[in-house]
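A.B. asks: Next come the chains, spelled out residue by residue.
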Amino acid sequence: MRKIIKDKAIINDDWQILKLAEGEAPDTVTVPGGKQVVPLQVWLAQKTTLAKRADIGVWLASDERAEQLKEDARSLPLIAVDFPTFADGRGYSIAYNLRARMGFEGELRAIGDVLRDQLFYMSRVGFNAFATREDRSIEDALKGLTDFSEVYQTSWDQKTPLFRRAVRAAAQEA
Amino acid sequence: MYRYDQYDHQIVKERVAQFRNQVARRISGELTEDEFRPLRLQNGLYMQRHAYMLRVAVPYGLLSAKQMRMFAHIARKYDRGYGHFTTRQNIQYNWIELERVPDILADLASVEMHAIQTSGNCIRNITSDQFAGVAADELLDPRPYIEILRQWSTFHPEFAWLPRKFKIAVNAAAEDRAVVKAHDIGLNVVKNESGEIGFQVLVGGGLGRTPIIGSVVREFLPWQHVLTYVEAIMRVYNEYGRRDNKYKARIKILVKALGVEEFTRQVEAEWADLKDSPSTLTEQELHRVASYFVPPAYEKLSDATALLEQQRTENKAFATWMGRNVKPHKVPGYAIVTLSLKKTGTPPGDATAEQMDFVANLADHYSFGELRVTHEQNLVLADVKQSDLLALYNEAKAHGLATPNIGLLTDIICCPGGDFCSLANAKSIPIAEAIAERFDDIDFQHDIGDIELNISGCINACGHHHVGNIGVLGVDKDGSEWYQVSIGGKQGNDSAIGKIIGPSFAAGQMPEVVARLLDVYVRERHEDELFIDTVERVGIDPFKAHVYGTPIPGHTYQAGEDAYA
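Protein chains in written order, with the working numbering: chain E, 43 to 216; chain R, 18 to 582.
Think of the hints as simulated: they come from the structure by calculation, not from any bench.
Treat the hints with caution; some may be incorrect.
Keeping only pairs whose Cα atoms sit at most 30 Å apart, straight-line, the calculated BS3-like set for lysine-lysine is [claimed, not checked]: (1) E/K185 with E/K48; (2) E/K48 with R/K30; (3) E/K61 with R/K263.
Isolated chain R, as found in the complex:
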């Protein structure tokens, strides 16, 4: 993985000093809260319902065992012994004291980490495929490009005060695991007819209040030009994006207002002036950064097919786990393991300090000391020997990290919601937990098969509800919390936005609503048809008819008051 050189260290060190000074000026009263807010937001520090929340960047979701141990240390020393992995592959701490943030940043800097631009109206942490570098279906490892973009976007002087936040994702695989179409800029690594590498550039995708799938502004951009082209897009957005209404300030609204053709024309005109300038990437720089992402020292192995077959036969639970949580690796004899952070009874994406230390040990022991965070809020060990899978499974199980539910009903994507977030209209974690409890039966989940259930506590859509096969959105009606349900959304190559099925529900009704949606699926499905396929084939009407056909119990039950206070 990428390691800081003297320049990276120096920049991050100076940032810690700068923020320490800003915090001191806030505490002394020299800065008002209004003046301090934009400064702390450039550093991932939000004022939430109960305390400050600090979001730490995990660039493209990749981290070392040492960094994970630092997360555990921070959870113990500065928080309440746990952290929350987010849909942007980052980690958040919920119980932070302002005075201690500079020390946390100094601790993070000691392991080459920071909280730079993890919030605010700037370019955020760039996300990617959690299987980058090991996926069998990728054209190449996209991480060197993302690291180059990360450095370019870090403290960019012109694009720190954009109309709104700005999210970039990069994908280089046949199957898009990075939701690139739902980003302000999505970059797909592609090869042209002459075999040259470049990017297909999409702009103006996004979730939130106005979910839109991104539009292609350029089919092929040679890789050398990626920084200048992104700069051109950013400048057009900074100049012309709306600033009068924060709900209409994302670049997707600008692209829509101008039309894709006119927007593209403006970007190309801006780029004409930047093309071939010194920001054009060199082979040398690409090779330097790529040198940090060379494959680890894999042993020469063949696939452990017979051994695994035998282990699966002897241990049904292991077989079930392998079926859901283990993916093929591009190197023979290795496998990709996803550790589930979605055990029923635990808020989705949460990990305790003990679990963090434990997965760091697993990474050291089984996976070359590296881990990844997925945007589905799970953790990945990307390079596990197939012959180690059973031992790893047994260890993970003992620590509550082997729930065999990856891609299933209880692998719920969920934002922190009203328990923590001051933006939320409604709680989301208790809804996820109630649904998980209702459908805890793993055999039932396996019968239902692949399904994505995503929950957001407000229209900002941190829980990606629009692209959930079942999407749940918390809404506020006359001061109480209600939940709007949509179906038919999906991520991946054919990303789609879900359709709302009708009037919203009380918290207590949600498990039954999901049950009724699943009833219709089980009744209507063709053999081997997934939930999403059935929704696409029969449309939303049969679902609507069944869900609203008879009264739904639980309408008086509201989600518990500040369950996590």
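The following block holds chain E by itself, in its conformation from the complex:
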């Protein structure tokens, strides 16, 4: 079984990520039983049926938007955001918006080109689960979550900027 990082620990992943094969359409594709993470377009097309199931999550492509799950974010158990490449940074804003604006409280998982050196930033904007690339050591990737022990600015993980949290030094009198 595939392993992922969730809440800072390595666990077995029991979700399946459903991807549309060529020729399959969002409204007609059959969503198998069991825990399935379906593409946003499938969710939107088949919502009346899928919403009755408790084992359905949704994944967003990097050109899709958190607002498209406005009505559903509060009830979904899992939302994943795909990173087609390491350098595509849209997923960070999608995650922030899901947490800060859509009120999503479930598992927020980064999928796709996800490697150790992104995890610290990803965890800051609201991701709590990481399906790191399977050709790399997940034990090593876990270390990426602790690259820094202090931050200056706010994001989802830290609502108070350093200047309001800490007593910082002013210049010494000359």
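Since the structure of chain E is already known, use the hints to place chain R on it.
C.D. replies: Frame of chain E; chain R shown alone:
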């Protein structure tokens, strides 16, 4: 100047450890070059033609004598004894070995410096007026705001993987010396009718392939809201900026595509949700950071007018230097000195380790131990006693740093170009040197007066060619290097983009092309009219007619092959 507290030290220390680990993983082969590239680019490390180039951040161009000595040390220990000051007020080293970069970063951290976000598609070093804090025409010292923005942008988790690089500049003076209109975000410090301080916010300026002057998205933003407002702009850009074509990925293209009104509407809508959140600045934080920028302990002096008058009369060379390289200071008895890094025969912006140590000593002796780097690639001693000017001049001259050419023809802004940079289409330094040699006569330069000659080796425009009165752009035609010339560009309050005069030239023709442009100026100028004024009055046609009127010698000469290899 700003000093690190325990938090800054800790963050930079952890960054050094993180990068050391990334380099080790690259060397062991655990990271492929494709995977390592975006990581090293977040740290100013480029793979160039001959070696790695490391760009070190000099926040808003301000550095201490101690930091300058560290630059000299790095130049000696890890490079070939020199460094190159850049148009973003930073320094670059051209001959770096990957294995040694973590040690360089550790050395830098020991003097409160780093290379964080000096390249890559993230928020870059924020630039400002090189005369901030001492300029007579400034509303206030903008550096506390920039330091606050620097900290906010450092390792911002959401904006490290933007569609493209992102440059911010801040200006608080009547005369814009920071080219704010040519930045992704330009902030002008302004005062409203009730006397409150805030920012005029411009977005979407830039040079590069599509030069555009920034548009005002907000006339007055109270200073407390600067972080949340910038965050709103960044989020809109991160979500909607184009990622399919790197030449259309800067925020200026998004602003143009949406239109300024629609872009502004989206930013304001985003900001409505962030306004008054905890990121709103407090008086307390502003005062804390501002405490690092209080004026130094100036002596109570009066202007040394009579002494300087006498010294100028006795020493013509000193008088010439004073006329170009010394600017008025807001405190009586003091002056601002620019040390020229544009001596003919030296690549513009280059300084040797010996010169770095020497200017550090000058700073300690004459200017409260601080220096500034200008975006024109010179160095500034901002607080020199007028009575020390002659002694300083003599010392600087002995070290090749007193060329009296600030703002003149040979004060050329020039990128590293094809000798070093793997992006360049053409060499730029040899062109600058050939032009400087041709017009080395300082009397001729003074007759021509203020003129900006800017050279970029490619469309990325690191040499700011679009805003040069004369702009030179290296282009590649069928594998050989050619130079396209524009005139009429300018920086400052009335920034303008230059117009191309016609077909491009071979390297060997460039000095003559410049000579012909100057011929037309000398022929057409009205009294007291600068080159740029004449271009604006008569248009580009007379220049074009004269430049292309007769064959230009030198068309077979190409810039030397890897002259700096």
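A.B. asks: Taking the hints in turn, state whether each one holds.
C.D. replies: The hints, checked one at a time:
1. E/K185 with E/K48: The given pair, whose Cα atoms are some 13 Å apart, holds under the 30 Å limit.
2. E/K48 with R/K30: Holds, at roughly 28 Å.
3. E/K61 with R/K263: Given pair E/K61, R/K263 holds - Cα atoms ~28 Å apart, limit 30 Å.
In summary, this structure violates none of the numbered hints.
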